[in-house]
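S.K.: Going down the list, the sequences are from chains B and P.
Numbering that gives the first Met the number 0 puts the first residue of the first sequence at 0, with every later residue one more than the last.
Numbering that gives the first Met the number 0 puts the first residue of the second sequence at 0, with every later residue one more than the last.
The hints are simulated quantities; they were obtained by calculation from the structure and are not laboratory data.
Bear in mind the structure is a predicted one, so any value in this text is a computation, not a measurement.
Wrong hints could be hidden among the right ones.
[Claimed, not checked] In the SDA-like style, the derived pairs of lysine to any residue whose C-alpha atoms are separated by at most 20 Å in a straight line are: (1) P:Lys130 <-> B:Ser168; (2) P:Lys59 <-> P:Ser23; (3) B:Lys272 <-> P:Arg101; (4) B:Lys272 <-> P:His128; (5) B:Lys22 <-> B:Ser168; (6) P:Lys177 <-> P:His128; (7) P:Lys130 <-> B:Leu273; (8) P:Lys130 <-> B:Pro277; (9) B:Lys272 <-> P:Glu109; (10) P:Lys59 <-> P:Arg5; (11) P:Lys130 <-> B:Asp166; (12) P:Lys130 <-> B:Thr231.
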Amino acid sequence: MLWWAAFFIVPLGSIVYYSLGVKPADPGAGPVDLSVLSLANYAKAMSDVFFTVFKITMRTAGLGTIACALVGFPVAYALARYIQPRWKPVLLFLLVLPFWISFLLRTFAWRIILAPEGVLSHFLQDIGLLAGPLTMLDTNAAVQLGIVYNYLPLMVLPMFVALDRIDPSLIQGSMDLGAGPIRTFLSVTLPLALPGVLGGLVLTFILASGDYVVPAILGGAKGLMIGNLVATQILAAQNLPLGSAMAVLLILMIGSIVILAAIAIFILRRLLKLLAGPALDDLGDDRGISAAAPGARAAGKA
Amino acid sequence: MASDVRLERVTKNFGSFKAVDDVSLHIEAGEFMSILGSSGAGKSTVLRMIGGFELPDAGKITIGGRDVTYLPPYRRDVNTVFQSYALFPHMTVAENVAYGLRQDHVPRGERTARVRDALDMVQLLHLAHRKPSQLSGGQQQRVALARALVKRPSVLLLDEPLGALDRKLRQQMQVELKLLQHRLELTFVFVTHDQEEALAMSDRIAVMRDGRIEQIGSPAELYDEPRTAYVAGFIGTQNFFSGTTEGADLAALRDDSGLLVRAERRAAGVAANARSIAAVRPENVRLSVSEPAADDNRLRGRVVTIVMLGDALEYVVSTEQGREYFARVPRYTDNLPKEGDPVWIAWPVSRTTLFPFEDIELQAQRISHERAAPAGDGSAAGGSASGAA
Numbered sequence: 000m001l002w003w004a005a006f007f008i009v010p011l012g013s014i015v016y017y018s019l020g021v022k023p024a025d026p027g028a029g030p031v032d033l034s035v036l037s038l039a040n041y042a043k044a045m046s047d048v049f050f051t052v053f054k055i056t057m058r059t060a061g062l063g064t065i066a067c068a069l070v071g072f073p074v075a076y077a078l079a080r081y082i083q084p085r086w087k088p089v090l091l092f093l094l095v096l097p098f099w100i101s102f103l104l105r106t107f108a109w110r111i112i113l114a115p116e117g118v119l120s121h122f123l124q125d126i127g128l129l130a131g132p133l134t135m136l137d138t139n140a141a142v143q144l145g146i147v148y149n150y151l152p153l154m155v156l157p158m159f160v161a162l163d164r165i166d167p168s169l170i171q172g173s174m175d176l177g178a179g180p181i182r183t184f185l186s187v188t189l190p191l192a193l194p195g196v197l198g199g200l201v202l203t204f205i206l207a208s209g210d211y212v213v214p215a216i217l218g219g220a221k222g223l224m225i226g227n228l229v230a231t232q233i234l235a236a237q238n239l240p241l242g243s244a245m246a247v248l249l250i251l252m253i254g255s256i257v258i259l260a261a262i263a264i265f266i267l268r269r270l271l272k273l274l275a276g277p278a279l280d281d282l283g284d285d286r287g288i289s290a291a292a293p294g295a296r297a298a299g300k301a
Numbered sequence: 000m001a002s003d004v005r006l007e008r009v010t011k012n013f014g015s016f017k018a019v020d021d022v023s024l025h026i027e028a029g030e031f032m033s034i035l036g037s038s039g040a041g042k043s044t045v046l047r048m049i050g051g052f053e054l055p056d057a058g059k060i061t062i063g064g065r066d067v068t069y070l071p072p073y074r075r076d077v078n079t080v081f082q083s084y085a086l087f088p089h090m091t092v093a094e095n096v097a098y099g100l101r102q103d104h105v106p107r108g109e110r111t112a113r114v115r116d117a118l119d120m121v122q123l124l125h126l127a128h129r130k131p132s133q134l135s136g137g138q139q140q141r142v143a144l145a146r147a148l149v150k151r152p153s154v155l156l157l158d159e160p161l162g163a164l165d166r167k168l169r170q171q172m173q174v175e176l177k178l179l180q181h182r183l184e185l186t187f188v189f190v191t192h193d194q195e196e197a198l199a200m201s202d203r204i205a206v207m208r209d210g211r212i213e214q215i216g217s218p219a220e221l222y223d224e225p226r227t228a229y230v231a232g233f234i235g236t237q238n239f240f241s242g243t244t245e246g247a248d249l250a251a252l253r254d255d256s257g258l259l260v261r262a263e264r265r266a267a268g269v270a271a272n273a274r275s276i277a278a279v280r281p282e283n284v285r286l287s288v289s290e291p292a293a294d295d296n297r298l299r300g301r302v303v304t305i306v307m308l309g310d311a312l313e314y315v316v317s318t319e320q321g322r323e324y325f326a327r328v329p330r331y332t333d334n335l336p337k338e339g340d341p342v343w344i345a346w347p348v349s350r351t352t353l354f355p356f357e358d359i360e361l362q363a364q365r366i367s368h369e370r371a372a373p374a375g376d377g378s379a380a381g382g383s384a385s386g387a388a
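Just chain B, same shape as in the assembly (with noise of 0.2 Å):
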């Protein structure tokens, strides 16, 4: 609890606190002046700029999420389903590897696997796929590869544990009861795996969203991300209320957009379960057999 005060509410209590003050005048005077506190910063932040970013940011990450998603579950799935056990601890350390290198090297290795006069540009001149030299680096497909790339450990591993914990025997259970490869996989596999693939596109979907370091690296100014946006007004025009407001819509719209998921998921849940019938109708009066101990009526019957 201590814990999560001090590393949660705090930093975000003040980030709030901060969006509601001003740039002091006097740069010597602190980074905010929180004399008079005001909702301006949001009028301020709500501008054109903003929401064409934003909406930049969200296809980006939502885009990235998906081609995450795409890689990442079957990569899970072979994982979980067809890797011998003694194995599955390699791959998986193989799999989390690169988080030993910094995420700042990495994301500038592909500045150099990716740049006009590259190896991956010259390989795709020479197999006659690509006309004149790799244009991709400093664009927003850039920063899109960069977030798959980056976050597509983050992805495997949630849905790994959710797969892997799949007792095999519940696969078997649904194939004997005449149910083939994609029904079993659609009624019993996917629904058990369920929470891991959520958390999967909930934390690649926020942490991507967010993200500052991938479109300032391969980006340039075509790949802009709101969290440069952030970056820029904390960093570069020292005004950290109105870069703290931003941040805060950034944090409310994300919020919205997962709630406005999960509702989502809810109804189509109910509606797949309304569309396939109920398993048995109202039991009406046969509710009152409940009374009965079951024990006493099987020895009876034996």
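Start from chain B and add chain P according to the hints.
M.R.: Quick look at chain P alone, frame taken from chain B:
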């Protein structure tokens, strides 16, 4: 309708391990067949091949005359009650039972009616809307049974379904399963390592050992006429005497301690002057303070301990050489010897059987080790065999 199941020369290897070795088995329609064996004997692999969860490396499996050897589980007219029950945790009891009917696209009205009937059959209708995690082990077992039977399979496969239940519940379920099988006239293939369970429920039992079928027969046949010392020791309890046969008529064995054990019964494969095993069941062994008649096999010893079995007492009698033998005595007998008393034990020649030699001690260790873990009963069989060999 019940179907027969036929295995023809089926073999299954896991790497270099021969799990099932050239097994042929015919399970008749409507029969309650148990496959009995210790762990690693291949009994579960046989069941899993009938269910379609393992594919044989060689051989053929037919169900109701139809070749199913390489069909996936969802194309076979059999259903399985799994050892772990394999209930879907994200579905209610009713949804679990309805699952198989949904796969067959049974229309709603019929589906709900059949789910209700199936749950009623296992007396769990009142718990239909619970999740499996909210049920006791015995109730989960019944749900698994209902879920498999609601599809009206022609063969029901049961993989040690009672293993996780406590003794009382297990005995009750044994009776219920047997009654159910009679009522539904279904073919049941029941895998177990518990010989008591197999004896109590089966029409026939196939005893497996090291991937092969050692003997098939009715419970009475296996109990009264085991073909090998292994089966003799596995089914029920035995006193064993290892030694060498004496005389050309194969009617006696000279035990390693020098005792002459005469035997009127003899399994196939016993040779003259060859290492062999004589066996007698504790219920055929009598206990007396005075010297018994010389017509019987007999030996002297001292009562080491007395095990209370409810309606009977099992006396453990130790000879001077330290070998232990078991005698089962009705409880309400006059002048029963006490612990430490010198006694005679005697048993009729007509109840003594000779078997070709095999390492009973080794087998017994495997069996008792196996039984000690899940069941907790039947340890007398293992103890007796290891003590007397």
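S.K.: Check each numbered hint against the structure and report the violated ones by number, ascending.
M.R.: 5, 6 and 12
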